[in-house]
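**Student:** Required output: the full structure, derived from the provided sequences and hints.
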Amino acid sequence: MLIECKNITKTFQIGDLTTTVLHDINITINEGDFLAIMGSSGSGKSTLLYILGCLDKASGGTYLIDGKNVAKLSDDELSHLRNTMFGFIFQAFYLIPYLNVLDNVLIPTLYTTHPPTQSKAKTLLEKLQLTQRMEYYPDQLSGGQKQRVAIARALINDPKVILADEPTGQLDSQNAKNVMEILQQLNSEGKTIVLVTHDPAMAQYAKKVVRIQDGRIVSS
Numbered sequence: 001m002l003i004e005c006k007n008i009t010k011t012f013q014i015g016d017l018t019t020t021v022l023h024d025i026n027i028t029i030n031e032g033d034f035l036a037i038m039g040s041s042g043s044g045k046s047t048l049l050y051i052l053g054c055l056d057k058a059s060g061g062t063y064l065i066d067g068k069n070v071a072k073l074s075d076d077e078l079s080h081l082r083n084t085m086f087g088f089i090f091q092a093f094y095l096i097p098y099l100n101v102l103d104n105v106l107i108p109t110l111y112t113t114h115p116p117t118q119s120k121a122k123t124l125l126e127k128l129q130l131t132q133r134m135e136y137y138p139d140q141l142s143g144g145q146k147q148r149v150a151i152a153r154a155l156i157n158d159p160k161v162i163l164a165d166e167p168t169g170q171l172d173s174q175n176a177k178n179v180m181e182i183l184q185q186l187n188s189e190g191k192t193i194v195l196v197t198h199d200p201a202m203a204q205y206a207k208k209v210v211r212i213q214d215g216r217i218v219s220s
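Number 202 in full-length UniProt numbering belongs to position 202 of the sequence shown; there are no gaps in the numbering.
Hint data in this document are derived by calculation from the structure and do not stem from the laboratory. Be aware that one or more of the hints could be misleading.
[Stated by the list, open to error] Taking lysine-lysine and the PhoX-like style, the derived pairs with C-alpha atoms no more than 25 Å apart in a straight line are:
no.	residue 1	residue 2
1	120	160
2	160	72
3	207	6
4	160	177
5	68	120
6	177	68
7	208	177
8	160	122
9	127	207
10	57	6
11	120	57
12	57	160
13	177	122
**Tutor:** So, in structure tokens, the structure goes:
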């Protein structure tokens with residue numbers, strides 16, 4: 001198995017108040033899976049995705065990636081794992097406004113020992129039908145184009161796993177469909193996809209669905 005969560009919990013401490021947002025989460029993700037984590041706002045689904053992507057740490061339980069206990073990794077090891085194992089796609093795109101499309105795609109390569117070349121970035125942009133937009137800046141792009149740039153950025157280091165947090169949340173229905181079909185195609189090419197969504201129509205693209213409510217898995 002690629003990813004395994006065993007009794008993962010997450011708590012936040014604010015003064016004397018302790019809030020638990022994840023309760024004893026158990027999930028197994030195998031290579032080639034397309035998993036949707038579905039829940040309403042505040043259910044804990046995005047917190048879980050951030051823990052999966054090593055952007056946040058669990059408060060309790062065990063998180064294994066390729067058999068390695070994430071809690072035992074050094075900061076440098078964790079950073080390397082995050083940048084090579086995962087590609088991230090967010091609802092808000094997070095493109096850098098003063099960089100053009102090509103340079104935005106290349107951002108993750110700044111943190112790798114053997115960075116991919118510009119030619120790889122151009123190949124990804126061509127695949128995502130953005131060849132004519134490489135020199136454009138984010139404010140010159142539509143929402144659908146911005147998300148395709150974000151997908152190219154997520155793919156530039158050839159990660160094993162794509163983590164997508166509400167990737168269609170700011171898109172109209174046609175662009176949302178286009179993004180989901182791209183993710184489906186990437187999965188058919190061997191990428192493992194973990195999608196967080198509140199939308200049943202988007203979850204239908206996944207092979208497996210886990211439903212989370214009030215920080216607990218209620219069906220899988």
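**Student:** State the violated hints by number, sorted upward, taking the hints as numbered earlier in the document.
**Tutor:** 5, 6, 11
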